[in-house]
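> Sequence:
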Amino acid sequence: MSITPFPSRRTVLTGSLAGLAVSGLFRNVLAQSATPMDMSTRCQAAGPATVEPVPGPARKLTIAWNEASICTAAVPVAKAKGFFKKYNLDIDYVNFAGATDQLLEALSTGKADGAPGMALRWLKPLQQGFDVKLVAGLHAGCMYLMTTPPTGIKTLPDLKGKTIGVTDIGGPDRNFFSIRLKEAGIDPETDVQWRQFPADLLPLALQRGDIQAFSDADPFSYPQRHQFGLIDIDNNMKGEWASLSCCVIGLRGSLVRNEPKVAAAVTRAILEAGAWLACNPEEAATIFQPYAPRANAADLAAMLKMQGHHHQTLTQDFRQEIVRYADALKQVGVFRSSLDSERYAKRITQDLFI
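Our numbering applies: residue 15 is where the sequence shown begins, and numbers increase by one.
Just so you know, the hints here were simulated from the structure itself, not pulled from any lab data.
Among the hints, a few may not be true.
[Unchecked claim] Each computed DSS-like pair below joins lysine-lysine, with the alpha-carbon atoms no more than 27 Å apart: (1) Lys275 to Lys99; (2) Lys319 to Lys95; (3) Lys344 to Lys319; (4) Lys93 to Lys275; (5) Lys100 to Lys74; (6) Lys125 to Lys100; (7) Lys99 to Lys74; (8) Lys360 to Lys344; (9) Lys174 to Lys344; (10) Lys360 to Lys100; (11) Lys275 to Lys360; (12) Lys93 to Lys360; (13) Lys319 to Lys176; (14) Lys360 to Lys125; (15) Lys138 to Lys125; (16) Lys125 to Lys93; (17) Lys196 to Lys125; (18) Lys252 to Lys168; (19) Lys125 to Lys74; (20) Lys95 to Lys275; (21) Lys252 to Lys319; (22) Lys319 to Lys125; (23) Lys99 to Lys138; (24) Lys168 to Lys196; (25) Lys95 to Lys125; (26) Lys138 to Lys196; (27) Lys176 to Lys196; (28) Lys252 to Lys138; (29) Lys275 to Lys74; (30) Lys138 to Lys344; (31) Lys168 to Lys319; (32) Lys196 to Lys174; (33) Lys196 to Lys344; (34) Lys74 to Lys95; (35) Lys176 to Lys252; (36) Lys174 to Lys252.
[As the list claims (entries may be wrong)] Here are the computed distance ranges between Cβ atoms for each label pair: (37) Glu203 to Lys275: 42 to 48 Å; (38) Pro274 to Ala94: 25 to 31 Å; (39) Cys57 to Asn272: 20 to 26 Å; (40) Lys275 to Pro164: 54 to 60 Å.
On a predicted model such as this, the values are computed, not experimentally measured, just so you know.
Idealized CB from N, CA, C, for every residue including glycine.
Kindly produce the complete structure, drawing on both the sequences and the hints.
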């Protein structure tokens, strides 16, 4: 199997993470992400607990994931804590950081059986008809729009006439903050400009004045905050967006159609790992640490706490989240206005637990 390896950006991240400590900069974010709920509910995976293990010999499957992305730490946790084994699954990992359409092609053609990914990165490419089904919302929240205090920018309307840096002009953070700007009465196409930079150059571009704000996702935003004294303008752990899945689980369509019990088992295992992670961020950080060997485990745990790993969705609730995203993407021109959001969401999602 030939799938693009993750580039050296990870090395930049792990080196800058070394020695960081949780600071007061994050208290507001942590408070926003802490949704009150009974702890027993918070630690339970979405969906039925009666999913049966796959019968016979352990079923071999391949999960593609970006191993530098801490927001999908449920994937290594699922193996380390025995959630895959519980369902008689033998999982191989493939590190993938190529273009989204390449990942969807890998799933469609059976080079991989499943993958976690960001909803706002997948929804547009899925229009191309890839044989991939979205089956669950894995967690909420992991995108931030940041600046420095000297810019004087505190709210989204303050960005009118300004330039925003992103790592990918077509990426999920560009899409999400375009939605948020539109909600604030700012046209994301005409009232602001967008410029693309590598992740490690975004803070430098901000210091030079090439941009006045930039967006990045965990885990890169965490060391950037500390090193450059950044503050939040906005993030996707506010308001209704804190209750929508940021990352989703996708499976190859043929697995869903031909082996629905296997599809349900692997989905359930990842969701159980995500729920366990939400209640055990320190141990989960230790499990993830080999993928960021120069990072401090306490910093990795802090990142996990900032994300919405207590939020998972399935079935109609999950489908309605996709509808909400599709409607929002129509408002900012990513989808054509004539798209039937309900019909589209029904086509690309699958309920495995009916």
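> Look at each hint and say if it fits the structure.
Going down the list of hints, with the structure as the test:
no.	hint	in the structure
1	Lys275 to Lys99	15 Å, holds
2	Lys319 to Lys95	19 Å, holds
3	Lys344 to Lys319	32 Å, violated
4	Lys93 to Lys275	19 Å, holds
5	Lys100 to Lys74	14 Å, holds
6	Lys125 to Lys100	24 Å, holds
7	Lys99 to Lys74	11 Å, holds
8	Lys360 to Lys344	17 Å, holds
9	Lys174 to Lys344	21 Å, holds
10	Lys360 to Lys100	30 Å, violated
11	Lys275 to Lys360	20 Å, holds
12	Lys93 to Lys360	31 Å, violated
13	Lys319 to Lys176	31 Å, violated
14	Lys360 to Lys125	25 Å, holds
15	Lys138 to Lys125	21 Å, holds
16	Lys125 to Lys93	20 Å, holds
17	Lys196 to Lys125	38 Å, violated
18	Lys252 to Lys168	15 Å, holds
19	Lys125 to Lys74	13 Å, holds
20	Lys95 to Lys275	21 Å, holds
21	Lys252 to Lys319	15 Å, holds
22	Lys319 to Lys125	33 Å, violated
23	Lys99 to Lys138	34 Å, violated
24	Lys168 to Lys196	17 Å, holds
25	Lys95 to Lys125	25 Å, holds
26	Lys138 to Lys196	19 Å, holds
27	Lys176 to Lys196	15 Å, holds
28	Lys252 to Lys138	24 Å, holds
29	Lys275 to Lys74	14 Å, holds
30	Lys138 to Lys344	11 Å, holds
31	Lys168 to Lys319	24 Å, holds
32	Lys196 to Lys174	11 Å, holds
33	Lys196 to Lys344	11 Å, holds
34	Lys74 to Lys95	18 Å, holds
35	Lys176 to Lys252	23 Å, holds
36	Lys174 to Lys252	21 Å, holds
37	Glu203 to Lys275: 42 to 48 Å	46 Å, holds
38	Pro274 to Ala94: 25 to 31 Å	27 Å, holds
39	Cys57 to Asn272: 20 to 26 Å	33 Å, violated
40	Lys275 to Pro164: 54 to 60 Å	57 Å, holds
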